[in-house]
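Please model the complete structure; the sequences and the hints are all you need to start from.
What follows is the residue order along each chain.
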Amino acid sequence: MDPLLLARLQFATTTSIHFLFVVVTLGLVTLLVGLQTAGFITGKPVYERLTRFWGQLYVINYVLGIATGIVMEFQFGLNWSGLSRYVGNVFGAPLAIETLVAFFLESTFLGMWIFGWHRLRRGVHLALLWGVAITAYASAYWIMVANAWLQHPVGYEVRDGVAHLTDFGALLTNPTLTFAFGHVVMAALVTGGTLMAAVSAWHLLRRTPDFLLFRTSLRLGLITMALAVTGLQGFGFAQFAPVGDLQPTKFGGGPDRDAMVAEWTTRFGPGDYTPPVLSNVGLGFMILIGFTLGCVWLLLPLLWRDWIIRLKFPLWLLLLALPLPFAAVLLGWLAREVGRQPWVAYGLLPTDQAVSPVGSGLMLTSLVGFTLLLGALAVTNWTLLARHAARGAADPALGRPPAPDTDTRPHPVFA
Amino acid sequence: MELAWYALLGLFFATYLVLGGYDYGVGLLLARRPTAPATPEHDRAADASSRAALNAVGPFFLGNEVWLVTAVGILFGAFPTLEGELLSGFYPVVLGALAGVVLVTAGVQLRSRPRAQAARAGWDRVVVAGSALAALGWGALLGGLLQGVPRTASGHVTGVGHVLTPFVAAVGLAVLALVAVQGATFLTLRLPAADAAPVARLAHRLVPAALAAVGTAAVLGLLSDRVRAAVARPAVAVLLLVALVAALLVARAALGRGRAGVAFAATSAALALPVALVGAALWPRVLVSTVDPAASLTVADAAASGPTLSLLGWLALPLVPALLGFQAMCWWVFRGRTDGRAPVYW
Chain A
1 MDPLLLARLQ FATTTSIHFL FVVVTLGLVT LLVGLQTAGF ITGKPVYERL
51 TRFWGQLYVI NYVLGIATGI VMEFQFGLNW SGLSRYVGNV FGAPLAIETL
101 VAFFLESTFL GMWIFGWHRL RRGVHLALLW GVAITAYASA YWIMVANAWL
151 QHPVGYEVRD GVAHLTDFGA LLTNPTLTFA FGHVVMAALV TGGTLMAAVS
201 AWHLLRRTPD FLLFRTSLRL GLITMALAVT GLQGFGFAQF APVGDLQPTK
251 FGGGPDRDAM VAEWTTRFGP GDYTPPVLSN VGLGFMILIG FTLGCVWLLL
301 PLLWRDWIIR LKFPLWLLLL ALPLPFAAVL LGWLAREVGR QPWVAYGLLP
351 TDQAVSPVGS GLMLTSLVGF TLLLGALAVT NWTLLARHAA RGAADPALGR
401 PPAPDTDTRP HPVFA
Chain B
1 MELAWYALLG LFFATYLVLG GYDYGVGLLL ARRPTAPATP EHDRAADASS
51 RAALNAVGPF FLGNEVWLVT AVGILFGAFP TLEGELLSGF YPVVLGALAG
101 VVLVTAGVQL RSRPRAQAAR AGWDRVVVAG SALAALGWGA LLGGLLQGVP
151 RTASGHVTGV GHVLTPFVAA VGLAVLALVA VQGATFLTLR LPAADAAPVA
201 RLAHRLVPAA LAAVGTAAVL GLLSDRVRAA VARPAVAVLL LVALVAALLV
251 ARAALGRGRA GVAFAATSAA LALPVALVGA ALWPRVLVST VDPAASLTVA
301 DAAASGPTLS LLGWLALPLV PALLGFQAMC WWVFRGRTDG RAPVYW
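So the protein lines, in turn, are chains A and B.
In terms of our numbering, the first sequence has 344 at position 344, counting the first letter as 1, and numbering is strictly consecutive.
In terms of our numbering, the second sequence has 166 at position 166, counting the first letter as 1, and numbering is strictly consecutive.
These are calculated hints, taken from the structure and not from any lab test.
Since the model is a prediction, treat every value here as computed from it, not as a measurement.
Note that CB positions come from ideal geometry on N, CA and C, so glycine has one too.
Fair warning: there could be bad hints in the mix.
What the hints assert, rightly or not - What follows is a set of in silico ranges between Cβ atoms, one per label pair, in the way DEER data are often shown:
| hint | chain 1 | residue 1 | chain 2 | residue 2 | range |
| --- | --- | --- | --- | --- | --- |
| 1 | A | 167 | B | 298 | 25 to 33 Å |
| 2 | B | 314 | A | 254 | 27 to 35 Å |
| 3 | B | 335 | A | 173 | 41 to 49 Å |
Laid out in structure tokens, this is it:
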């Protein structure tokens, strides 16, 4: 089999799984910051219980975010050594910054946050969660800087066939960055909000004893969803102008595209410079889901006097809406990335020149092995998430107060 | 400039081996689960001992792995050419290490989430397998670097058969043994005093095994033509090897005298030294070609161009102390032995 196809399939699989987990991470951590800060200011126990319950789900979800993220990072070198060889001087910088500025601290803070309950002062413990959230956003930002550069390479010059950095500022003001970053953040908030609203709806439908707790998180999730979905649509449509100008082959035909293809044909020789149709299909369905989720505004008036809970059917609607944001982020990602083909760096480096000169047998082993491994871990993780979500907020393991006795041996006081 | 970045890369990877080393060492020791009568009481006791070990690592676990991620980030940002050639040139070895890292990451964090004892025991096996893979993989990568790669004039490493040598296997096993010693020594330092004595005895017994593994790797290295040809500074290599052996002897003596802190410092040095050895012995080259001396990759050639390095340099200058500061805060807050009141989560 063609190593290029295998390498692309592997990147698509790993990134898709990664994206499904990181949108939840980014969305939930924002809501958790709100919950824990509210608890810190008001001192109401319901917020601490909410923080522990949603924090537990957040932490379980985080596991697969890192596991898939590490595989992604290594994949650049394993399967795409041409990328580092030809454009590594420019593309590598934002990725290096991401690990130094963001991910390193995010995980360090999270470890302290998980084990810091009842041990650190409440202010320090809250500050740690703020640190986790800020670095998570920073991480998303730098990854988008790197991705935006692949969409529209700027701030470089080519000497001896290798790209060299000339203007780092241009990477940060890349027209394909700002709106796309806003779009991704809003998508994460919609996903986090939908997850929170849907899980709360399930407990309210089941009439779990924790009525007040799940009523609070239903309202928080729903309002987050509504506000973020509007931002999501705004940032989405705002991208059409820059993408149309800078990537004329992505979504449409017309004279711009023909001119671009003609230019590439003279510079790189004849070839198929139109992206697969999958990119437009992804775009269409994503927009459809975006409008469907926008209908959440119709549910907001029902928050008055808890009609949303009393009527029951809105809760069912929220539960049914849970898969939608996940499907939309995958479709949106397909639109953005498949629409860039056949380039790994648009108009600069063709995808087939970036792939590592590795035998197809090895590439296939890696594809099958990691797809099975990460797929199995993802399914296990979702099962655990569903079980913990269903278990309710009675006594999550996260933030459980220490046993009152002073026994020095750690007996299993936990279930 | 290149030297500073090369040293920083080495620092991050060596720190990862030291800190990740005790994660994997503790992971390997989960295999000690006595298999005798499978009664519910026995299962609960075995589960409790696994949990106690994992929660000793507890607050540090997430902060340990980031050293690897950041090392690869530095590799990509500061040495892009090396990143592509190193990872794709050692494809199977990196694949194995990566699978191990993923298994440990998921296993440690998820093992206590199910309530059933059987599921938890299953996750423990995942952690054991992952720890072994990760330790063997990183060891094999270091060994592979030391014996050179078939890099041709095209700039690519051809084939992957070059890693299948006794020397690479021996270095993999040596790192595995060092990691096991590191894990046992860490538990001696962290577990409640009553539980620490048996692991201290285990660590004491593991040191000679590690010495034997390191010795075997050293002898195979001396016998290997490829290693002798690749090593540019044999004196430095031998000196650092002697330091490694000395560190292990210090660790054994300290374990015997109940000085767990000294022993842990010594085993940590033993895990960091192989990285320094590989870096210094090959300098100024990093990928030594076994087929065409002119095709060897030097550190300077592997580095990113000037503007990229100075940009990253200005960022790293304030950042690296901040990163170290927050890690030190984590170590300080959770210093001392675990006890019944320590938060339990993994």
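Structure-based check of all given hints:
no., hint, result
1, 167(A) to 298(B): 25 to 33 Å, "28 Å, holds"
2, 314(B) to 254(A): 27 to 35 Å, "43 Å, violated"
3, 335(B) to 173(A): 41 to 49 Å, "45 Å, holds"
Of the hints listed earlier, the one the structure fails to meet is number 2.
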